[in-house]
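> Let the hints inform the model, and build the full structure from the sequences given.
Here's the letter readout for the chains.
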Amino acid sequence: MVLLLQYTIIFASVLCLVALGGCFSEHSGVINLGLEGIMVMGALGGAVTMFLLPAGTSKIVIVLATTLFAILVGMLYSCLLAVACINFKADQTLIGTAMNLLATAAATVFVRAMNTSINPDNVSSSIQYIQPKKAFLKYIGNFEFNWFMIMAVVLLIASWFVLYKTKFGLRLMACGENPQAADSVGINVYKMRWAGVLISGFLGGLGGIVYITAGVSEWKFEMGVAGFGFLALAVMIFGQWKPTNIALAALLFGLFRALSNVYTGIPFLKALNLPSTVYNMLPYIISIIVLAFTSKNSRAPKAEGIPYDKGMR
Amino acid sequence: MKDKKFSLKNPALQSILTSLLCIVLGLLIGYIVLLMINPAGAGTAIKTILLNFLSRSSQAAQMKALGNTLAKTAPLLMCALSICFCYKVGLFNIGAPGQYEAGACIGLYAALAWHLNWVICLILAGLAGAIVGAISGALKAYRNVNEVISGIMLNWIMLYLTNMILSGKKVKDPASPYTIKLMSGNKGALIPSAGLNALFANNKTVTLAIPLAILFAILIWMILAKTKFGYELKATGYNKEAAKYAGMKEKQNIIITLAIGGALAGIGASFLFLTGYQEWSTTQTSVPMMGFNGIAATFLGGLHPIGTIFASFFIQSITDGGALINKSVYPSQISDLISSIIIYLCGFVLFFKYALNTWISKRDKGGPNVNDVPVTNDDAKKEGGDK
Chain H
-11 MVLLLQYTII FASVLCLVAL GGCFSEHSGV INLGLEGIMV MGALGGAVTM FLLPAGTSKI
49 VIVLATTLFA ILVGMLYSCL LAVACINFKA DQTLIGTAMN LLATAAATVF VRAMNTSINP
109 DNVSSSIQYI QPKKAFLKYI GNFEFNWFMI MAVVLLIASW FVLYKTKFGL RLMACGENPQ
169 AADSVGINVY KMRWAGVLIS GFLGGLGGIV YITAGVSEWK FEMGVAGFGF LALAVMIFGQ
229 WKPTNIALAA LLFGLFRALS NVYTGIPFLK ALNLPSTVYN MLPYIISIIV LAFTSKNSRA
289 PKAEGIPYDK GMR
Chain F
300 MKDKKFSLKN PALQSILTSL LCIVLGLLIG YIVLLMINPA GAGTAIKTIL LNFLSRSSQA
360 AQMKALGNTL AKTAPLLMCA LSICFCYKVG LFNIGAPGQY EAGACIGLYA ALAWHLNWVI
420 CLILAGLAGA IVGAISGALK AYRNVNEVIS GIMLNWIMLY LTNMILSGKK VKDPASPYTI
480 KLMSGNKGAL IPSAGLNALF ANNKTVTLAI PLAILFAILI WMILAKTKFG YELKATGYNK
540 EAAKYAGMKE KQNIIITLAI GGALAGIGAS FLFLTGYQEW STTQTSVPMM GFNGIAATFL
600 GGLHPIGTIF ASFFIQSITD GGALINKSVY PSQISDLISS IIIYLCGFVL FFKYALNTWI
660 SKRDKGGPNV NDVPVTNDDA KKEGGDK
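Note that the protein sequences, when read in sequence, are chains H and F. Per our numbering, residue -11 is the first one in the first sequence, and the count goes up by one each step. Per our numbering, residue 300 is the first one in the second sequence, and the count goes up by one each step.
Hints are computed from structural coordinates only; laboratory data are not their basis. Keep in mind that the hints are not guaranteed to be accurate.
Below are the DMTMM-like pairs computed for lysine to aspartate or glutamate, each with C-alpha atoms no more than 20 Å apart in a straight line [unchecked claim]:
(1) F:Lys626 - H:Asp109
(2) H:Lys77 - H:Glu210
(3) F:Lys626 - H:Glu210
Put into structure tokens, the structure is as follows:
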């Protein structure tokens, strides 16, 4: 049971962070289908940092440096989306998809090139971080506490505050609802959208490193992040683009995800004898059903997906 | 514009030019990455990626490798057609991988568990894809669910469902995570080669699937450009309300479009799995690349079914070429990198065309007047199909 709780919380943290990232981007009016790619890049930045830090580095430095680089790489990568979709008015679905493909390919190429340059016989696309990963963990009884759990909660509260209680957040949301009106009162829509996408890069990149440190100590970058970015997208929609609902949705979907990992340890579920794929499928099925019933009066930002053109009225 | 037959204003020529620009830039970035990894062999590596089968030594080996590339081009082309058809009608069928999975699932199950003939397997695979597509369509038409979102969700649902169904005793090889080879499971379900393999050094994977895929491309082009049915679908895509006002059944049209797209992707899957080229791995945890590469081929092909044929071949060729480079120095994923950069650059096609048109009108008139060659958002959807 402890294991289930632990997995649920860590997966929920990942989903919550990434979904909040999507939430910022969409509230500013840019659909971010590239979340999966941003996660891969964040994971890459963090993993490489952990791998390169010398063995004796103190725990606090490891935690800070890893987090920082994951965030930085995530933000840098999200610029690809911002440039294309905000400045060049490209198709957001197309660019998002391209970013997902690009991230996995680029990360694999990078890691393999790095591995071979260190050891010519090593052509794998994995990075190991058994030792540095311990810096993130603290055991409370059997429960493996991870500093990222706290970060997720703090960022959740911060996101809620920024979106609803600050001038910046309200302006950001205005750009996603009615950019022309926002522009007419002097808000720079392009800047606001850039801010939204960069924040999604921040949270997505962080989510990426949290995901690959959850449960495993080695990551094979050929796998990308196994659809977690898309699951986060589902969380965001299920949470109706509101931070509090997103947190609850993340907990629910995190639970399903955790169940697929540990259900064999729970007698009641084991007796049901369902294959683990069922638990993997459930979050997506639930999202589709929820979408079917809520999309008629969806809370989605009204102007999302439409490139803003100053000249158009 | 009769006086300038070869004018740069010709939209078809512009599409080809911008696609070529994307390819050149993508290759250039790929080359730079190769240079950064190891400058010594970068030139040879990029040449190998580009030449693919031509880099083999003997002619027989070349033909055999070309056969392999063609065998994988057929399913890719079908996925690309699926996305292209839907995009022309105003829908982004990102659910193509899911429809492809459904096709693989039912096609293989029908072949291995029910021991059916390949024609029937093919039709069933198409039907399975069509059903998945229709689900997206119905959700869009009746419940206002964006087809991109429902498509993404269905991709994952179908992946897990396919893994589950194809893990069944009748279809899975007990010794490996793969499904049983069709050669030993049910020879009748293999798509016949009809003598085509003799042309490609007896490559057994060269089958009727290749000419069939090209026929499908021509068929889709005919439907979109020449028929009333295609016209109605396009009209619905441009403006749902106007189509409804003009007496078209707009909801039905959305569902039909995605069902056709789904059928194409589903048949595409059987073009790969029913040739015996490879088996389905029941432990895979990511959505097959085929569907996503289809997006690359569609946009690179200038959103034209015929252009898509060449674009699919190109994408598949550089992917296969990537597998041939010196793997102890360079990662073979370099070609995935190049094709994903090309897709990314395809997002800028509108901008490239705008820049080109601005330049042309500056040259012609000596002033920055772009009014006579309007490039709007709709233009991306319009051009290509009509002449």
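> Does each hint fit the structure? Answer for all of them.
These are the hints, each one checked on the structure:
Proximity of Lys626 of chain F to Asp109 of chain H is assessed by CA-CA distance (about 11 Å); at most 20 Å being required, the pair is judged to hold. Proposed proximity of Lys77 of chain H and Glu210 of chain H is contradicted: the alpha carbons are some 31 Å apart, above 20 Å. Proposed proximity of Lys626 of chain F and Glu210 of chain H is supported: the alpha carbons are some 15 Å apart, at most 20 Å.
Violated hint: 2 only; the structure is consistent with all others.
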